[in-house]
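S.K.: Using the sequences provided together with the hints, build the complete structure.
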Amino acid sequence: MTVHQRQLDEKAFHEAFDAYWEAHGGTESGLRAAICTYLEKAEQDAAEIDRLRQALTLPDADRRQWFITDLLAQRGYFNRSDICNAFGVSVPQASLDIRRWIESNPDAAAYNMTSKRYEAKR
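Numbering-wise (the working numbering), the sequence shown opens with residue 1 and increments by one.
By construction, these hints were calculated from the structure, which means they are not laboratory data.
Values in this document were obtained by computation on a predicted structure and should not be read as measured data.
In this text, a Cβ means the ideal position worked out from N, Cα and C, and glycines have one as well.
Wrong hints could be hidden among the right ones.
[Said to hold, decoys possible] The following label-pair restraints were derived from C-beta to C-beta distances:
(1) Leu58 to Thr37: 29 to 39 Å
(2) Arg32 to Lys116: 49 to 59 Å
(3) Val91 to Asp18: 45 to 55 Å
(4) Arg100 to Arg32: 47 to 57 Å
(5) Ala55 to Arg32: 33 to 43 Å
M.R.: Here's what the structure looks like:
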């Protein structure tokens with residue numbers, strides 16, 4: 001479903017409209033800015049939904065690899081318990097998944113022994 005096929009979220013639209021109307025002194029440019037902002041947000045939401053749907057079609061092992069990459073991008077760190085909790089896998093399986101991920105992404109993260117987690121390399 002494209003952004004144009006979806007129904008407008010009235011509350012979100014009115015909130016964006018009110019904010020931009022006020023910020024732009026109640027002008028026509030404020031109205032245009034509010035509409036553009038709402039549509040941009042709707043497009044971002046649709047893209048995120050599509051990204052998550054694609055991840056759900058992956059085989060389990062690949063989905064866990066995707067999950068590790070996503071955690072690192074979103075939070076900047078991950079650990080075994082994240083994988084165990086999200087997928088219900090054992091600690092040894094999570095360790096194997098992490099090892100596989102590190103082999104594919106050797107320069108992406110380093111283990112922090114103090115916090116006991118893998119953190120994104122800056």
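S.K.: Take the hints in turn and mark each one as holding or not.
M.R.: Now the hints, each set against the structure:
1. Leu58 to Thr37: 29 to 39 Å: Given a distance of about 33 Å, which is inside 29 to 39 Å, the answer is holds.
2. Arg32 to Lys116: 49 to 59 Å: 50 Å, holds
3. Val91 to Asp18: 45 to 55 Å: This hint holds: roughly 50 Å between Cβ atoms.
4. Arg100 to Arg32: 47 to 57 Å: Given a distance of about 49 Å, which is inside 47 to 57 Å, the answer is holds.
5. Ala55 to Arg32: 33 to 43 Å: 35 Å, holds
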